[in-house]
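A.B. asks: These are the residues of each chain, in order.
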Amino acid sequence: MHELSLAQNIVEIVHQHVPTLDLPKVRTVDVLVGAASGVVADSLAFSYSAIVSGTSLASSSMKIEHIPYRVHCRSCGLTSDHDDGLRICPACGSMETTVVSGTELRVQAIELAEEDR
Amino acid sequence: MTVGIVTVERKVLEKNDALAAQNREAFQRSKLFVVNLVSSPGSGKTSLVERTLDHLRGRLSVAVIEGDVQTDLDAQRVAKFGVPVVQIVTNGGCHLDAKLVQDAAQNLALDGVKVLIIENVGNLVCPANYDLGEDVKVVVASTTEGDDKPLKYPAMFRNASVLIINKTDLVPYVNCNLAELKANALKINPSLTIFETSCTTGSGIAEWCGWLENKLP
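Just so you know, the protein sequences line up as chains Y and D, in that order.
According to our numbering, the first sequence is numbered sequentially starting from 1.
According to our numbering, the second sequence is numbered sequentially starting from 1.
Chain Y on its own, in the form it takes in the complex:
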């Protein structure tokens, strides 16, 4: 449910980086979403399209890059991806693990269509 307010934050960030006159040129907003960010990526993209509909950003969409929840085992050194969110090393069963990635929720870049001169 909080995806709507997160999408609103993303629209605000776009407004801060793109001059008003250039907003219709925005094609995609690239967003990193970690598997353990607690955010439903599809819902975020849907919320974004609902918010920008009828505005100068109407022709833009959100491009989501999924980041896996990656855990490094301090006991055996294995790095592994965990869709289930667990912190147990699949090789040695150790819980002495460090989270490497997967909690990101970040606007990475904005792509604009520019007319050739």
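Don't take each hint at face value.
With a straight-line cut-off of 20 Å between C-alpha atoms, the simulated SDA-like cross-links for lysine to any residue are [claimed, not checked]:
#1 D:K99 / Y:N9
#2 D:K215 / D:R24
#3 D:K152 / D:V125
#4 D:K11 / Y:E111
#5 D:K11 / Y:H15
#6 D:K114 / D:P84
#7 D:K11 / Y:S61
#8 D:K11 / Y:S101
#9 D:K11 / Y:S43
#10 D:K15 / Y:V14
#11 D:K11 / Y:A45
#12 D:K152 / Y:D42
#13 D:K99 / Y:E12
#14 D:K187 / Y:H72
#15 D:K182 / Y:S101
#16 D:K15 / Y:T103
#17 D:K152 / Y:L86
#18 D:K187 / Y:S75
#19 D:K152 / D:C94
#20 D:K99 / Y:L4
#21 D:K11 / Y:E96
#22 Y:K63 / Y:A109
#23 D:K15 / Y:L4
#24 D:K215 / D:L110
#25 D:K11 / Y:T103
#26 D:K15 / Y:E3
#27 D:K99 / D:Q28
#28 D:K80 / D:L110
#29 D:K15 / Y:E104
#30 D:K99 / Y:Q8
#31 D:K80 / D:E50
#32 D:K11 / Y:V14
#33 D:K215 / D:V113
Coverage of chain D stretches by chain Y, computed from C-beta distances (three or more under 8 Å per stretch; other residues unrestricted) [claimed, not checked]:
#34 3–11
#35 121–128
#36 145–155
#37 185–192
Simulated from the structure, these hints should not be mistaken for laboratory data.
Ideal Cβ placement from N, Cα and C applies to all residues, glycine included.
Given chain Y, put chain D in place with the hints provided.
C.D. replies: Okay, now just chain D, sitting in the frame of chain Y:
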């Protein structure tokens, strides 16, 4: 037609995080230890607040911020203990954010208060994302919810540092294996500190409150 790229690299929640940092700074200046209490609805957060206030009465000055979607019923319950309390009504909002807490804290008489308990909106999903400026996020899981909750809602257990297993008096009547519940929570977050409480019998409340008192600067 070519494509231009503007590099942004900004956190979606940066606005909330900045306000939370302000809150944290203000709380530290006032030497206030702040607890963000999160759980699903009905796990016993308000009962736990009542038991905590009762146990700490005369030992430690506590203030409370209550968060609910509607009504000030919880603030009324807490006010009976004679502590400073303010109710945030989110009117449909599914979580508290740092701005709501900042505004609410300004309406609290915090002189001499050592602990501020923020009871978040009952929701095991959204509050996990929002830093309020607290010192510690405490997740409550009750035995009636079953022992698989941490696996189904990992974000909340991942971001908390304390787990309180509440309603332990009901274990004989419900399908919940306490050892299993603890193991599941630790699989998500191996560094969780765990307490077992019953707000009906009062068991475990002294241990939880003792931990809280030891945390004070």
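A.B. asks: Each hint: holds or not?
C.D. replies: Structure-based check of each hint:
1. D:K99 / Y:N9: holds (14 Å)
2. D:K215 / D:R24: holds (16 Å)
3. D:K152 / D:V125: holds (10 Å)
4. D:K11 / Y:E111: Roughly 17 Å between the alpha carbons, so the hint for D:K11 and Y:E111 holds.
5. D:K11 / Y:H15: Status holds; Cα separation ~15 Å.
6. D:K114 / D:P84: holds (12 Å)
7. D:K11 / Y:S61: Holds. D:K11 to Y:S61 sits at ~18 Å (cutoff 20 Å).
8. D:K11 / Y:S101: holds (15 Å)
9. D:K11 / Y:S43: It holds: about 18 Å lies between the C-alpha atoms, which stays within 20 Å.
10. D:K15 / Y:V14: With Cα atoms ~14 Å apart, D:K15 and Y:V14 stay inside 20 Å; holds.
11. D:K11 / Y:A45: Holds - the C-alpha atoms of Y:A45 and D:K11 are around 16 Å apart, at most 20 Å.
12. D:K152 / Y:D42: holds (19 Å)
13. D:K99 / Y:E12: Status holds; Cα separation ~17 Å.
14. D:K187 / Y:H72: holds (14 Å)
15. D:K182 / Y:S101: Outside the cut-off at roughly 25 Å; violated.
16. D:K15 / Y:T103: holds (17 Å)
17. D:K152 / Y:L86: Distance of about 11 Å is within 20 Å: holds.
18. D:K187 / Y:S75: holds (16 Å)
19. D:K152 / D:C94: Between D:K152 and D:C94 the Cα gap is close to 18 Å, so the pair holds against 20 Å.
20. D:K99 / Y:L4: holds (17 Å)
21. D:K11 / Y:E96: violated (28 Å)
22. Y:K63 / Y:A109: holds (10 Å)
23. D:K15 / Y:L4: Roughly 15 Å between the alpha carbons, so the hint for D:K15 and Y:L4 holds.
24. D:K215 / D:L110: Cα-Cα ~18 Å, so holds.
25. D:K11 / Y:T103: The hint holds at about 11 Å.
26. D:K15 / Y:E3: holds (15 Å)
27. D:K99 / D:Q28: holds (17 Å)
28. D:K80 / D:L110: holds (18 Å)
29. D:K15 / Y:E104: holds (15 Å)
30. D:K99 / Y:Q8: holds (16 Å)
31. D:K80 / D:E50: holds (9 Å)
32. D:K11 / Y:V14: Between D:K11 and Y:V14 the Cα gap is close to 12 Å, so the pair holds against 20 Å.
33. D:K215 / D:V113: Cα-Cα ~14 Å, so holds.
34. 3–11: holds (count 9)
35. 121–128: That given contact holds, which follows from 3 residues of the stretch 121–128 of chain D lying within Cβ reach (below 8 Å) of chain Y.
36. 145–155: holds (count 3)
37. 185–192: Coverage by chain Y holds here, the residue count being 5 at a Cβ distance below 8 Å.
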